[in-house]
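*Asks:* Use the sequences and the hints to build the structure in full.
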Amino acid sequence: NAGVMQNPRHLVRRRGQEARLRCSPMKGHSHVYWYRQLPEEGLKFMVYLQKENIIDESGMPKERFSAEFPKEGPSILRIQQVVRGDSAAYFCASSLPGLAQTGELFFGEGSRLTVL
Amino acid sequence: AQTVTQSQPEMSVQEAETVTLSCTYDTSESNYYLFWYKQPPSRQMILVIRQEAYKQQNATENRFSVNFQKAAKSFSLKISDSQLGDTAMYFCAFSLTSGSRLTFGEGTQLTVNP
Chain A
102 NAGVMQNPRH LVRRRGQEAR LRCSPMKGHS HVYWYRQLPE EGLKFMVYLQ
152 KENIIDESGM PKERFSAEFP KEGPSILRIQ QVVRGDSAAY FCASSLPGLA
202 QTGELFFGEG SRLTVL
Chain B
23 AQTVTQSQPE MSVQEAETVT LSCTYDTSES NYYLFWYKQP PSRQMILVIR
73 QEAYKQQNAT ENRFSVNFQK AAKSFSLKIS DSQLGDTAMY FCAFSLTSGS
123 RLTFGEGTQL TVNP
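Chains as they are written, first to last, in my numbering: chain A, 102 to 217; chain B, 23 to 136.
Just so you know, these hints were derived from the structure itself, not from any lab.
Please note that the accuracy of each hint is not assured.
[To be verified] Simulated restraints on C-beta separations:
{"no.": "1", "chain 1": "A", "residue 1": "E119", "chain 2": "B", "residue 2": "E37", "range": "42 to 48 Å"}
{"no.": "2", "chain 1": "B", "residue 1": "S52", "chain 2": "A", "residue 2": "L217", "range": "47 to 53 Å"}
{"no.": "3", "chain 1": "A", "residue 1": "S167", "chain 2": "B", "residue 2": "R65", "range": "22 to 28 Å"}
{"no.": "4", "chain 1": "B", "residue 1": "R65", "chain 2": "A", "residue 2": "Q118", "range": "21 to 27 Å"}
{"no.": "5", "chain 1": "B", "residue 1": "S34", "chain 2": "A", "residue 2": "P171", "range": "26 to 32 Å"}
[Claimed, not checked] Here are a few chain A residues that sit away from chain B, every Cβ distance over 12 Å (derived from the structure):
{"no.": "6", "residue": "L112"}
{"no.": "7", "residue": "R114"}
{"no.": "8", "residue": "R121"}
{"no.": "9", "residue": "G174"}
{"no.": "10", "residue": "Q181"}
{"no.": "11", "residue": "V184"}
{"no.": "12", "residue": "R185"}
[As the list claims (entries may be wrong)] Partner residues aside, some chain A positions facing chain B, computed with beta carbon under 7 Å:
{"no.": "13", "residue": "G143"}
{"no.": "14", "residue": "F166"}
{"no.": "15", "residue": "G211"}
We treat Cβ as the ideally placed atom computed from N, Cα and C, and that holds for glycine.
*Replies:* Shown next, in the form of structure tokens:
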């Protein structure tokens, strides 16, 4: 399966713990996007990364959230000191270099974070 | 900033009938893409159909077609011969051709009844 791979699919954390979500883009895709979907809502943009570079993080909360896409390995979305409001589905998507080529994003199946 | 509005939180249709989902958007740009994504209960985001703003011809994909009205900034999705498997949340989305993100609407939950 050469699709976008996210893990874990489900993650449970207690308040104050850290959550790490991983995303491997489609083969040949070097651009990764993270979106958050709160219950009963649409997807909200968080961050757009190329390898070793954050292109647009205007949707990321200023505190506790960070993202990286290293030269080797998957992209990581890290949430420190989680709170109940962080409970959501986090979707990763990838695209060919330059969204402008087709405008299309290919999505993973999402990681569902539950904070107790 | 671009916005996408879906004014129908829920819709239902009988199997084999036709349904239209509405979407409006706001932008001052002239070059962009519009999309409809489907999110079934599995929560996987699946691209249904895509439209380039510079194309006047409405996109079609089998039973799915759009009515793209650029001047009115409207982009509706028509599903013909609805099937039970079409039951899902449908999201309208927008991206600039020079942009770095998709902007999604809040979604329309479509239920196809047998």
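*Asks:* Hints first: check each against the structure and report whether it holds.
*Replies:* Verification of the supplied hints:
1. E119(A) / E37(B): 42 to 48 Å: Check passed, 47 Å falls within 42 to 48 Å.
2. S52(B) / L217(A): 47 to 53 Å: Holds: the Cβ-Cβ distance is about 48 Å, inside 47 to 53 Å.
3. S167(A) / R65(B): 22 to 28 Å: holds (24 Å)
4. R65(B) / Q118(A): 21 to 27 Å: About 23 Å separates the Cβ atoms of R65(B) and Q118(A), which means 21 to 27 Å holds.
5. S34(B) / P171(A): 26 to 32 Å: violated (46 Å)
6. L112: holds (14 Å)
7. R114: Label holds. Min Cβ-Cβ 19 Å, cutoff 12 Å.
8. R121: The claim holds: R121(A) sits with its nearest Cβ about 20 Å from chain B, beyond 12 Å.
9. G174: holds (22 Å)
10. Q181: holds (24 Å)
11. V184: holds (22 Å)
12. R185: holds (20 Å)
13. G143: holds (4 Å)
14. F166: With Cβ-Cβ at 16 Å, over 7 Å, it is violated.
15. G211: Where the cut-off is 7 Å and the nearest Cβ of chain B is about 5 Å from G211(A), the hint holds.
The structure fails to meet hints 5 and 14 from the earlier list, while all remaining hints are met.
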